[in-house]
Structure formats: C-alpha cells, structure tokens
Amino acid sequence: DAGVIQSPRHEVTEMGQEVTLRCKPISGHNSLFWYRQTMMRGLELLIYFNNNVPIDDSGMPEDRFSAKMPNASFSTLKIQPSEPRDSAVYFCASREDSTGANVLTFGAGSRLTVL
Amino acid sequence: KQEVTQIPAALSVPEGENLVLNCSFTDSAIYNLQWFRQDPGKGLTSLLLIQSSQREQTSGRLNASLDKSSGRSTLYIAASQPGDSATYLCAVQGNMLTFGGGTRLMVKP
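Respectively, the protein sequence lines represent chains A and B.
To get the working numbering, take the position in the first sequence, counting from 1, and add 526.
To get the working numbering, take the position in the second sequence, counting from 1, and add 39.
With the rest of the complex left out, here is chain B (with noise of 0.2 Å):
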C-alpha cells in the first residue's frame, strides 16, 4: 500500500526566503504526482504535475522536482510571499491516488 508522507507538518519563514517542501512516497510505481495548494476553508488547487518520465516542472516562483527511485519530490517556493501562505499537499498516482498529510507553511510579512 502507497504511504505518502510530508515533512515538515507546518513551516514559518519570513517574506523573500526561499524554501522547499518535501514528499516521499513508498512505492515507485507511479504514473505521475501532482502538488495542490488549499487555503484555509476551500478546495484543493493544483499547482504542478509531474509525470513519471520527467524530472521537474516549474510554474513562476515554483519548481517541483521528481526523483521516482529514492521516492522523493520537492516543491520550491523562491521569494516566498505573504500570499503564499496556506496547505501544500502532494498527491501521488500509482493503482490509486494518495495523498500526503500536507504542509501548512505561513510566510510573514
């Protein structure tokens, strides 16, 4: 069974650091992983995807790498905002999805 596990549970950093948020996962045998953004009382909001093949994908400040055979993604965020605060959760596709517990990451003005 796919276990998904996201460190650290919660983050605070102050405004402009750069930081990364980790996954690791159990089971190699995956088709892709998707990393979500959710704020406080709404939905999940998918940020990246990363299929099997590639290595990494990048979207404006952030970048999530993938490395299938240690069973590792990150997800950096550069100049970390105060409107980047919220739940950061990985979600990996083998057979089923699964997803981690998420980060609750808090940027400070």
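Chain A on its own, in the form it takes in the complex (with noise of 0.2 Å):
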C-alpha cells in the first residue's frame, strides 16, 4: 500500500483565497482524521470521520474550516477565506478500526503558508 497520500505537499496563497487540501486514505481503513501542526500549539485535532461520517468536529477552529468525506478513499479540508493565522502543516491519518490494532498512519503533510 502507498499509505495515507496528500495532496499538495505544499500550497503558499494570499489572504482571502481558497485553500483545498486533499487525502486519499489507507485502503481499508476506516476512519480518517484531519490535524493541524504549528510550533505554538502542537499537533491540534481539527476533525475525525469514521465510515465516512463525520463523528468530532469540535477542533475545527471556526466557519471558515469545513471538511468532507464522499467516498471511502477521498477527503478534503477546506479553508474560505484563508488568513495569514493558518499557516500550519496539515496532516491527514487513517486507521482500521475493527481489528483492535489501532494503528495510526500519518500522511506527509500539506504545508500551508498564506501570505
């Protein structure tokens, strides 16, 4: 398996624009999870699907940060408008949930610098 794929590994946009950040999940698996890193606070929680519907949002910071699932291999995290403030890298981890191994696999990353 290639494991948890993100696209694009890195993004700069100015302030105001779209941002659209993607992930193709491990095959499989059954819950996806969309994360923030920043060096002030850590790697944050944004939301977490299992089976496709979204079960936590509570960490998506406000309106402007939405998140979908349409299929078992597609996500995508949204960000409109963007601001300088979301500038983090973005990560995207999956995990098989019913065999107990509970193992989580991370994507790469998506660098977001908005100007």
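Hints in this document: simulated from the structure, not taken from any laboratory.
Possibly wrong hints are sitting among the right ones.
For lysine-lysine, the following DSS-like pairs were computed, each having C-alpha atoms within a straight-line distance of at most 27 Å [stated by the list, open to error]:
| no. | chain 1 | residue 1 | chain 2 | residue 2 |
| --- | --- | --- | --- | --- |
| 1 | B | Lys147 | A | Lys550 |
| 2 | B | Lys107 | B | Lys40 |
| 3 | A | Lys594 | A | Lys550 |
| 4 | B | Lys147 | A | Lys594 |
| 5 | B | Lys81 | B | Lys147 |
| 6 | A | Lys550 | A | Lys604 |
| 7 | B | Lys81 | A | Lys604 |
| 8 | A | Lys604 | A | Lys594 |
Build the complex from these two chains, which are given one at a time in their own frames, with help from the hints.
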C-alpha cells in the first residue's frame, strides 16, 4: 500500500483565497483524521470521520474550515477564506478500527503558507 | 479532559548512550498508547503501539512500557545513534486521541 496520500505537499496562497487540501486514506481503513500542527500549539485534531461520517468536529477552529468525506477513499479539508494564522502543516491520518490494532498512520502532510 | 505531557521537551545525548523518554497522562481510562517519530518537515511515523492490557512492546532497539495506573509510559532507546535524532511523540487513545507535545532528541556523533 502507498500509505496515506496527501496533496498538495506545499501551498502558498494569499489571504482571502480558498484552499483545498486532499487526502486518500489507506484502503480498508475506516477512520480518518485531520490534524493541524504548528510550533505554538503542537498537533491539534480538527475533525474525525468514521465510515465516512463526521464523528467529532469540535476541533474545527471556525466556520471558515469545512471537511468532507464523500467516499471511503477520499477526503478534503477546505479553508475559505484563508488567513495568515491558518499557516501550518495539515496532516491526514487513517486507521482501521475493527481489528483492535488501532495503529494510526499519517500522511506526509500539506504545508500551507498564507501570505 | 485528557492531558498528555512529555518530559523533557528536548534532550541531547552522545552517540551510544541508552536513554528514556517519558510520557504521562491524566486519565487512565485509555484503550492504547502509541509512540511516534517525526523528522523535521516530515509526517509522523508509528514506532510502537501498546494496548491497555499490555505492559510493554519492543521493536529492535526500542522498548515502550505502559503503567496505566500511574498514568505513565516510557520509550527506551538502547545504544542511541545519530539517526535517532528526531522528535518523539506519544499519543493516548481514550474517547479522543490526545498527543503530547513531544521530546526533541539530538544524538551527537
């Protein structure tokens, strides 16, 4: 398996623009997580899907952030409009929750810079 | 609310030394604990996962222990090498998955 695949790896945009980050989880994994990592706040959970359904979005900072998982193999995190304080590395992770192994596998991350 | 603390925040050791990284958590009602490694500018790589019923897990030079009752886990690295230099994070799975702030390790040749 190619692991969790995220795109783009790097994005530089201007304040006010829409940003869409993409994630392809590992095939067979039924849970998907979006995290944000900054030097100041470390790793923060933004939203968690199980079987394509959002379970906990309490970490989504505000209405400018939205996430979707239209099917088991694809998820998006959208920021509209983007602000400089959104600059961070955004990680997607997936996990298979039915066997009890519960190993969380991360993608390589998308580094976002909002000017 | 679960709180996960990792001490020290940074550690510098000479090559060959055995070392211990610490992780403590406030709520012992957990399902498992996972240790990750993160290299600069990269994603997180899973090292070891300990289920709540287990006391330890080993992989090569790494050994992770779990004491649920005291809310502690340790990651032991034997015979450290410069290639071990990275940030090590622990994550505790309860109702939520909560990460510690990480320990930044530098192993000097």
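Hints, verified against the model:
1. Distance check on the hinted pair: Lys147 of chain B and Lys550 of chain A sit about 37 Å apart at the alpha-carbon level, beyond 27 Å; violated.
2. Of the pairs offered as hints, the one joining Lys107 of chain B and Lys40 of chain B holds, with about 16 Å between alpha carbons and a cut-off of 27 Å not exceeded.
3. For a cut-off of 27 Å, the pair hint linking Lys594 of chain A to Lys550 of chain A stands: about 12 Å separates their Cα positions.
4. Restraint check: the Cα-Cα separation between Lys147 of chain B and Lys594 of chain A comes to about 44 Å, which exceeds 27 Å; the hinted pair is violated.
5. For the hint pairing Lys81 of chain B with Lys147 of chain B, the CA-to-CA distance comes to about 21 Å; that is within 27 Å, so the pair holds.
6. Proximity of Lys550 of chain A to Lys604 of chain A is assessed by CA-CA distance (about 15 Å); at most 27 Å being required, the pair is judged to hold.
7. Restraint check for Lys81 of chain B and Lys604 of chain A: satisfied, since their Cα atoms lie roughly 22 Å apart, inside the 27 Å limit.
8. Our distance criterion of 27 Å between C-alpha atoms is met by Lys604 of chain A and Lys594 of chain A, whose separation comes to about 8 Å.
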